[in-house]
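Participant: Build out the structure end to end from the sequences listed, making use of the hints.
Here the protein sequences come in this chain order: A and B. Take the first sequence: its position 194, counted from the start at 1, is 198 in the working numbering, and no numbers get skipped. Take the second sequence: its position 287, counted from the start at 1, is 284 in the working numbering, and no numbers get skipped.
For the record, the hints were derived by calculation from the structure and aren't laboratory data. Just so you know, nobody snuck in bad clues.
Below 30 Å or equal to it, Euclidean Cα-Cα: the simulated BS3-like pairs (lysine-lysine) are:
id	chain 1	residue 1	chain 2	residue 2
1	B	Lys347	A	Lys386
2	B	Lys316	A	Lys21
3	B	Lys174	A	Lys21
4	B	Lys417	A	Lys79
5	A	Lys309	B	Lys381
6	A	Lys214	B	Lys417
7	A	Lys214	A	Lys101
8	B	Lys381	A	Lys384
9	B	Lys375	A	Lys386
10	A	Lys296	B	Lys417
11	A	Lys346	B	Lys409
12	A	Lys385	B	Lys409
13	B	Lys316	A	Lys309
14	B	Lys72	A	Lys21
15	B	Lys347	A	Lys309
16	B	Lys182	B	Lys169
17	B	Lys381	A	Lys386
18	A	Lys309	A	Lys384
19	A	Lys385	A	Lys409
20	A	Lys21	B	Lys182
21	B	Lys375	A	Lys6
22	A	Lys309	B	Lys409
23	B	Lys347	A	Lys346
24	A	Lys413	A	Lys385
25	A	Lys385	B	Lys375
26	A	Lys21	B	Lys417
27	A	Lys295	B	Lys417
28	A	Lys346	B	Lys381
29	A	Lys214	A	Lys413
30	B	Lys316	A	Lys346
31	A	Lys409	A	Lys214
32	A	Lys385	B	Lys347
33	B	Lys72	A	Lys79
34	A	Lys384	B	Lys375
35	B	Lys201	B	Lys381
Predicted model only: the values in this text are computed from it and were never measured.
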Amino acid sequence: MKIAVNHLPVLTWNQNKLNNAEMEVSDGLLSSGIAKASAVHPLKYNLPEGISRQDGVSAEKLQEIFEQLGIRNPKEAVVAGKFPMYNRQRFGTGMGKGIDDLLKDYPAQIFTVESGCRSDRTVKLHYSLAAGKEALGRIFIHAKAGSESTFLLYYSALPEECEYLDECGKCEIQQELREQKLSKSEEGSATDGRGFVGAQTYLYLEKGAKVHFSAVQMLQEEAVFFHDIGTFLAEESELTMAKLDLGAGTVYEGLNTLQAGDESRFDMDFGFLGLPGSFMDINYNDVFLGKKAEGRMYFKEALMKGAEKSFRGTVDFRQYSTGSKGDEQEDIILLGEDIINKTIPLILCEEEDVDGRHAATIGSLAEDMLFYMQSRGISKKKAEEMVVRATLQHISGMIPSESVKKAVKNYICRIFE
Amino acid sequence: MNQEETKQINQDRILSEGIERELYDFRDEETDAQFYRMKEGLTEEIVREISEMKHDPEWMLEFRLKSLALYDQIKMPDWGPSIDGLNMDNIAAYVRSRSDMKGSWDEVPEDIKNAFEKLGIPQAERESLAGVGAQYDSELVYHSVREDVAKQGVVYTDMESALTGEYEQMVKDHFMKLVPPTDHKFAALHGAVWSGGSFVYVPKGVKVEIPLQSYFRLNAKGAGQFEHTLIIVDEGADLHFIEGCSAPKYNIANLHAGCVELYVRKNARLRYSTIENWSRNMYNLNTKRAIVEEGGVIEWVSGSFGSHESYLYPTSVLKGEGSHAEFTGVTFAGAGQNLDTGAKMIHIGKNTSSFIDTKSISKGGGISTYRSSVEIRKSAEGSKASVNCGSLMLDSISRSDTIPAVDVRTDKADVGHEAKIGRISDDAVFYLMSRGIPESEARAMIVSGFASPVSKELPLEYAAEMNNLIKMEMEGG
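Facilitator: Have a look at this one:
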């Protein structure tokens, strides 16, 4: 079955094949009772004081909670060719309603950060997937007024036995897993042993709340992964986000940020490593409703031989979002032949008093730089590794876990072995 | 005094003089005695009748009929501005003066000549052009090329003469080969009912020092204009071609679905400049495409001010190694306008390069959309592309969208893209007002400055016209 996801907010030429993407979901995934699958779940909760968790919240109940919180996507100007994506979901996400429908039977976990809670400890949610397994999950993070919290979502191929995240980042364990994966995939599964992980994350920030949110994905190279995010920022709230997608051969990423309140701030850094022959499809939107809101989305990407990537990034200023500023930047380094890199950065604007910018740079490793490095005994492969490391270093440095930072370093090292 | 200073003085003059609003909106009633008007709609019978009236060769009739069949099959675009208000059953595809095309302004019928006099075309021809073609409704009414230019072997004639004369084979080899009728619905429509337009051939090595110009005027109410422009600039040759267009305003829809095909041979250069000021009831669904061979250069300069709705994306196909394309454009969308404009660059040859620089301005509820596509194919190793687009919002009832796509299929390419949107700086307005310039004029000056990358690429008279149009728009004209 194919699900239409990642709709471009305004349609353009069909031959660009960027108006949306189709995500293939195996029939086995839908019929195999995946809700029972244990592969995706936080292995260890060690919640800081002032943060609570509620499990097993049904999709209907989740919608009721959204309604009670007054979350509703706003009406927008009718522009021909504008895909009606925003108003089809109560809580808009980047991948769109197709994911709501896919997950309609999957319970959610709710994390509530109480008002005034200011925790300097990170809520670490470690999702490990045994090779060839499939799993889906939903999380709703509700940060109440004036709170400050830090969340880390870590998707890895590490074995379930690992209980403590801080002990998981060792290179030896990764190697052990790789062997395990190869032997398991020979047995076959509902997705031909590839593995499938899907996650939907909602972040709702009340007035003055601050959330530091990170997500790192280092699944098996054969796996399919999607992460669909919706955020709602009330006045004076701040969301900082760091995302790294390093593994999984097929990745779909979507985000819709609604800067609903005045003077809200959104800062996002996204790093992506396109493995050889991999596929990635991204749709990130930052919608400005409130006055004097500021949003920034920066993407750093490296594509290896045969990688294919489609990127949609939108800065959307709605009427009355006066004094708001939106900034989006995508930098892509091309490291191999036969790549396909599609980029469509949009600015949509129906307000005079705003300041918007987007930019993209796409290029290969400069020959003179490569020559310089090679003349000093650094191989091309090592030079490329250095470039990838440098490209992603800024983002990995933002991850609130030393062990995951180390795992990222080891992962990149292994890719270039 | 250098050219920049002269241009500045001229701009200042225009900004200080009163604006003649009726400059473009005047209209003349067309009587049956003076004009032939085909019945509205689009049928095989109508297509055959157009073909017969134009004395088409047999292959062209077949081409028209195949295009008509394609038009019926191809769906309307599902992206871009709505064109629901356009009904081909209400459009007359062919309207022409009963007078033949003339080679002298004196012989052109008085009312038509007056229209072009008001637009300043004969004066421009005398002062700054190497040749002029003037189309009124569906056919050219005047065509002329300077003797010294003709002596160089430059061919500048109407399409009908080219099609039935000694250039028939050349036309047949190139006509709608670059923009096939399968391309989109309105390319198919054009293939079925085209009439008028110009054919230009610049021989090898010939450099035409001053521009040629075609001016298109659609005067008839509820009519379509489907002119075809075919230009071949042979090896090492050089040409600047200027296109202008306008129409009076009616309260029912008019349609412009022209087609421009440009062939730029090895090491040749072609600059194609357009100042478009169709009336606010016009659906402007125009298609322009250039193919550039080794070392060739295509430069597009485009000013879009008129029409009710526009779909306009000049395309450059960089086929030859080292070929280069530039697109410089400004779009001003005022009240009741939805202008969807931009450019496409397709890099096929090695070491090709392209540069897009556009400015969009929205005011009074107008919608301006910048839409582009830069495609760098696997074969285009060593290619470079740069896109720079700026948008200016002049109020909060307007809309401005930027939709640029980039598709890169080789790792040996460098692409840069930047877009900005903003408003007129209060500080800049305050600064000018503190020096005694009224606010409205200060704002007009700032907008003219914003659009200056385009105006400075135009010949002086056209830059002045463009600034004139900006001032008219800023005053709500």
